[in-house]
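Please take these sequences and the hints and turn them into a complete structure.
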Amino acid sequence: MADNKTELHHAINKSDEKEQLIVDLEGFHGPLDMLLGLARTQKVNLSHISILELAQQYLLFINEARKYRLELAADYLVMASWLAYLKSKLLLPEDENDEDDEPTGEELAKVLAFRLQKLNAMRQAGQQLMARDRLGQSIFARGMPEHIQVIKTPQYKADVFELIKTYTTQRQRKALGKVTLEARNVWSIKEASIRLQRMLGISLEWFPISFFLQEFLTESDEHRTVAASTFGATLHLVQQGELEIRQSKAFDNLYLRQKMR
Amino acid sequence: MDKKQQFPENVTQLPSADRREKLRILEALLFAATEPLDTQTLSHHLAEDQNIDALLEELQNSYSMRGINLVHVAGKWAFRTADDLSYLLKSYAVEQKKLSNAAMETLSIIAYHQPVTRAEIEDIRGVSTSKGTLDVLLETGWVRLRGRRRAPGRPVTYGTSQTFLEHFNLDSIQDLPGLSELKGAGLLEKNLPVDFKIPKPDDTSLLTDDEDPLDEDEATAPLLSTDMQTDS
Amino acid sequence: MDKKQQFPENVTQLPSADRREKLRILEALLFAATEPLDTQTLSHHLAEDQNIDALLEELQNSYSMRGINLVHVAGKWAFRTADDLSYLLKSYAVEQKKLSNAAMETLSIIAYHQPVTRAEIEDIRGVSTSKGTLDVLLETGWVRLRGRRRAPGRPVTYGTSQTFLEHFNLDSIQDLPGLSELKGAGLLEKNLPVDFKIPKPDDTSLLTDDEDPLDEDEATAPLLSTDMQTDS
Numbered sequence: 001m002a003d004n005k006t007e008l009h010h011a012i013n014k015s016d017e018k019e020q021l022i023v024d025l026e027g028f029h030g031p032l033d034m035l036l037g038l039a040r041t042q043k044v045n046l047s048h049i050s051i052l053e054l055a056q057q058y059l060l061f062i063n064e065a066r067k068y069r070l071e072l073a074a075d076y077l078v079m080a081s082w083l084a085y086l087k088s089k090l091l092l093p094e095d096e097n098d099e100d101d102e103p104t105g106e107e108l109a110k111v112l113a114f115r116l117q118k119l120n121a122m123r124q125a126g127q128q129l130m131a132r133d134r135l136g137q138s139i140f141a142r143g144m145p146e147h148i149q150v151i152k153t154p155q156y157k158a159d160v161f162e163l164i165k166t167y168t169t170q171r172q173r174k175a176l177g178k179v180t181l182e183a184r185n186v187w188s189i190k191e192a193s194i195r196l197q198r199m200l201g202i203s204l205e206w207f208p209i210s211f212f213l214q215e216f217l218t219e220s221d222e223h224r225t226v227a228a229s230t231f232g233a234t235l236h237l238v239q240q241g242e243l244e245i246r247q248s249k250a251f252d253n254l255y256l257r258q259k260m261r
Numbered sequence: 001m002d003k004k005q006q007f008p009e010n011v012t013q014l015p016s017a018d019r020r021e022k023l024r025i026l027e028a029l030l031f032a033a034t035e036p037l038d039t040q041t042l043s044h045h046l047a048e049d050q051n052i053d054a055l056l057e058e059l060q061n062s063y064s065m066r067g068i069n070l071v072h073v074a075g076k077w078a079f080r081t082a083d084d085l086s087y088l089l090k091s092y093a094v095e096q097k098k099l100s101n102a103a104m105e106t107l108s109i110i111a112y113h114q115p116v117t118r119a120e121i122e123d124i125r126g127v128s129t130s131k132g133t134l135d136v137l138l139e140t141g142w143v144r145l146r147g148r149r150r151a152p153g154r155p156v157t158y159g160t161s162q163t164f165l166e167h168f169n170l171d172s173i174q175d176l177p178g179l180s181e182l183k184g185a186g187l188l189e190k191n192l193p194v195d196f197k198i199p200k201p202d203d204t205s206l207l208t209d210d211e212d213p214l215d216e217d218e219a220t221a222p223l224l225s226t227d228m229q230t231d232s
Numbered sequence: 001m002d003k004k005q006q007f008p009e010n011v012t013q014l015p016s017a018d019r020r021e022k023l024r025i026l027e028a029l030l031f032a033a034t035e036p037l038d039t040q041t042l043s044h045h046l047a048e049d050q051n052i053d054a055l056l057e058e059l060q061n062s063y064s065m066r067g068i069n070l071v072h073v074a075g076k077w078a079f080r081t082a083d084d085l086s087y088l089l090k091s092y093a094v095e096q097k098k099l100s101n102a103a104m105e106t107l108s109i110i111a112y113h114q115p116v117t118r119a120e121i122e123d124i125r126g127v128s129t130s131k132g133t134l135d136v137l138l139e140t141g142w143v144r145l146r147g148r149r150r151a152p153g154r155p156v157t158y159g160t161s162q163t164f165l166e167h168f169n170l171d172s173i174q175d176l177p178g179l180s181e182l183k184g185a186g187l188l189e190k191n192l193p194v195d196f197k198i199p200k201p202d203d204t205s206l207l208t209d210d211e212d213p214l215d216e217d218e219a220t221a222p223l224l225s226t227d228m229q230t231d232s
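Residue numbers (the numbering used here), protein chains in the order written: chain A, 1 to 261; chain B, 1 to 232; chain C, 1 to 232.
It cannot be assumed that every hint is accurate.
As a list, the in silico EDC-like pairs of lysine to aspartate or glutamate whose alpha-carbon atoms are at most 16 Å apart [said to hold, decoys possible]: (1) A:LYS152 - B:GLU139; (2) C:LYS90 - A:GLU162; (3) A:LYS165 - B:GLU181; (4) A:LYS174 - B:GLU122; (5) B:LYS97 - B:ASP123; (6) A:LYS165 - B:GLU189; (7) A:LYS157 - A:ASP133; (8) A:LYS87 - A:GLU71; (9) B:LYS90 - A:GLU242; (10) A:LYS157 - B:GLU95; (11) A:LYS157 - B:GLU122; (12) A:LYS110 - C:GLU21; (13) B:LYS98 - A:GLU162; (14) A:LYS190 - A:GLU242; (15) A:LYS152 - B:GLU95; (16) A:LYS174 - B:GLU189; (17) B:LYS98 - A:ASP159; (18) A:LYS174 - B:GLU139; (19) B:LYS97 - A:GLU162; (20) A:LYS157 - B:GLU166; (21) B:LYS200 - B:GLU181; (22) A:LYS165 - B:ASP175; (23) A:LYS174 - B:GLU181; (24) A:LYS174 - B:ASP195; (25) B:LYS97 - A:ASP159; (26) A:LYS89 - A:GLU107.
Note that these hints are calculated values from the structure, not bench results.
Everything numeric in this text was worked out from a predicted model, so none of it was measured.
Encoded structure:
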């Protein structure tokens, strides 16, 4: 980048050697940066810089660049027009009449000089920062830190009700032995009647009630509840006039069929 | 600990500025290193004719009484927190835990039936009690080893502790409800067998007639393993 | 207070063995960590009425000539290798992407002018901020989103972080190089060098009068894109 700037300065100082103007603007970070680069050619402290001279240099460069149809970013063109305005203000004698409204060329020059100083200051500060003894670059923390280990101690919690309840539950369970009931699978009459109707729909012939239980015969623990609820449902459906039922003698097979309508 | 009195001196007594600089270099290299360093690596940074072993030994001495030590491990050197200060690198957190069902059952039996042996607990529960269950209960501090039953095998007897009363907010172990109260509270059914009894809990530290004191070492360091051998 | 009668208030009068032990503890704690520790954290491990600042100063002195120094960074304490030994430790340096000139310039503008908006940064630089400048800085962890300026568009304000202080070995943001000179020359002023009102760079987490807090999701996941929309 520094090389580019040097080339640029050459180009501006010897503007007849136009080939050297093929300096790309990418070397610069915007118009202020370019102005700072140009200012360096004046070889004076930034606070004593000739803003007029700087403006002329900048405008010269922009004009040259335009001749070569170099594409200039808007930032550069805005600065160029501002500098042209500043230049005219600086060159023309002060107009006594409008001193209230418009800043003088001197004042505008000061603004620009201040902005350049400010940017320059930040640039130098950045370099100073980077030149510090930075952690991990020139000073170092412990390479093998010893990490804090978290050790968990269990703290048990229980309350007295829980204690008593646990005690009585287990004592009682043992004392009452097998009396504890498991939740049973119970068929409700409603479930049984739904099942009955669905199966009877298959045929209009008489069927023994045991037929309807076939599906469940293998699971002996369910057989009782299914038989009971099926019988209950049968009576219910007969009462409703949905079913017919017959038995030849006591304890004989019960036969069911759908009521003919 | 008389060595500690030398603490502030060490570096200032170094013989020469050159030697001191070498020590500084070793110190910085070892501090910033991400792994222990061997003498060969360290000596790359020093003038060749330096006796690096002597320097490292000197550095090790100068740190020997400090919060960090220079240690020699597997032929390499590294800084480590002094052993006696390793507690600084630990942070203790309390983790709230609930007792397992088995532990809770065992605890309640110990509370009501103390002094009680493991075999008696198993008899009441109707299942065997794992070693871990009693371990956990001893760890809570709520259960303690009381003594040994005067019976074949001299099994250890268990009882509850003062901590137990404190944790369960009981004035005395007799505050645990008895049979009629439990029935009244609906915690026991009415139709229990006639011979169903709830013992009157008693955590007195005096040994009962059929208890012998623990052996001396058990009383001070109640290791469960001792118990396990005898009890199971 | 009994304690005060037993132990003199003034630390320098403490029995030296006790004081030495405290120094060992501080030394161990500071050595174990890579990040700086504040006095509050350190004092957790010492008797409460200890004058910890005096102890730290003593520790700092005892290490001042050594290869490792006790330094005050980001308002906290940390052991770091002595700066004059950096030549030795070049090989330990972590590879770091070099910041572009634009990013470096932006970083110093943020550091010296914080809290500062993107528009203000662009104003100083005289150029619009390209993508990859602010997000690179945010990625380093040196720069953070602070809040939003109470101004039209509510632009995001930027500032430096604790990591910034640690990385650049600064005790506080007031220790930025050349800060007082820049202030004296009025170069940290936002506008013209007239009507002086000198701002102080401020990295405190407290928002300034013209800052609002970030929206909740921005604070947890500082995405630059959010900023782009509002700020440009």
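Structure-based check of each hint:
Annotation: proposed proximity of LYS152 (chain A) to GLU139 (chain B) holds, straight-line Cα distance about 14 Å (limit 16 Å). At most 16 Å may separate the alpha-carbon atoms for a hinted pair to count; LYS90 (chain C) and GLU162 (chain A) exceed this at roughly 65 Å. Using a Cα cut-off of 16 Å, the hinted pair LYS165 (chain A) and GLU181 (chain B) holds, with the two alpha carbons roughly 12 Å apart. Distance check on the hinted pair: LYS174 (chain A) and GLU122 (chain B) sit about 12 Å apart at the alpha-carbon level, within 16 Å; holds.
Restraint check: the Cα-Cα separation between LYS97 (chain B) and ASP123 (chain B) comes to about 27 Å, which exceeds 16 Å; the hinted pair is violated. Proposed proximity of LYS165 (chain A) and GLU189 (chain B) is supported: the alpha carbons are some 12 Å apart, at most 16 Å. Only pairs whose Cα atoms come within 16 Å are accepted, and LYS157 (chain A) paired with ASP133 (chain A) is rejected, the gap being roughly 54 Å. The straight-line distance between the Cα atoms of LYS87 (chain A) and GLU71 (chain A) is roughly 23 Å, outside the 16 Å bound, and the hint therefore fails.
Taking the CA atoms of LYS90 (chain B) and GLU242 (chain A), the gap is near 80 Å; set against the 16 Å cutoff, the hint is violated. Between LYS157 (chain A) and GLU95 (chain B), the direct Cα distance comes to roughly 10 Å. Compliance with the 16 Å bound is thereby established for this hinted pair. Of the pairs offered as hints, the one joining LYS157 (chain A) and GLU122 (chain B) is violated, with about 23 Å between alpha carbons and a cut-off of 16 Å exceeded. A hinted pair counts as satisfied when its Cα atoms are at most 16 Å apart, and LYS110 (chain A) with GLU21 (chain C) does not qualify at roughly 63 Å.
For the suggested pair LYS98 (chain B) and GLU162 (chain A), the alpha carbons sit about 11 Å apart, so the restraint of at most 16 Å is met. With a C-alpha separation of about 14 Å, the suggested pair LYS190 (chain A) and GLU242 (chain A) falls inside the 16 Å cut-off, and the hint holds. For the hint pairing LYS152 (chain A) with GLU95 (chain B), the CA-to-CA distance comes to about 6 Å; that is within 16 Å, so the pair holds. At most 16 Å may separate the alpha-carbon atoms for a hinted pair to count; LYS174 (chain A) and GLU189 (chain B) meet this at roughly 13 Å.
Of the supplied pair hints, the one linking LYS98 (chain B) and ASP159 (chain A) holds, its CA atoms being roughly 10 Å apart against a limit of 16 Å. For the given pair, LYS174 (chain A) sits about 28 Å from GLU139 (chain B) by alpha-carbon distance, which is inconsistent with the 16 Å threshold. For the given pair, LYS97 (chain B) sits about 14 Å from GLU162 (chain A) by alpha-carbon distance, which is consistent with the 16 Å threshold. This hinted pair checks out: LYS157 (chain A) and GLU166 (chain B) have alpha carbons roughly 12 Å apart, not beyond 16 Å.
For the hint pairing LYS200 (chain B) with GLU181 (chain B), the CA-to-CA distance comes to about 12 Å; that is within 16 Å, so the pair holds. At most 16 Å may separate the alpha-carbon atoms for a hinted pair to count; LYS165 (chain A) and ASP175 (chain B) meet this at roughly 15 Å. With a C-alpha separation of about 20 Å, the suggested pairing of LYS174 (chain A) with GLU181 (chain B) is violated against the 16 Å cut-off. Note on LYS174 (chain A) and ASP195 (chain B): the hinted pairing holds, with a Cα-Cα distance of about 13 Å set against a maximum of 16 Å.
Only pairs whose Cα atoms come within 16 Å are accepted, and LYS97 (chain B) paired with ASP159 (chain A) is accepted, the gap being roughly 13 Å. The hinted pair formed by LYS89 (chain A) and GLU107 (chain A) meets the criterion: a straight-line CA distance of about 10 Å does not exceed 16 Å.
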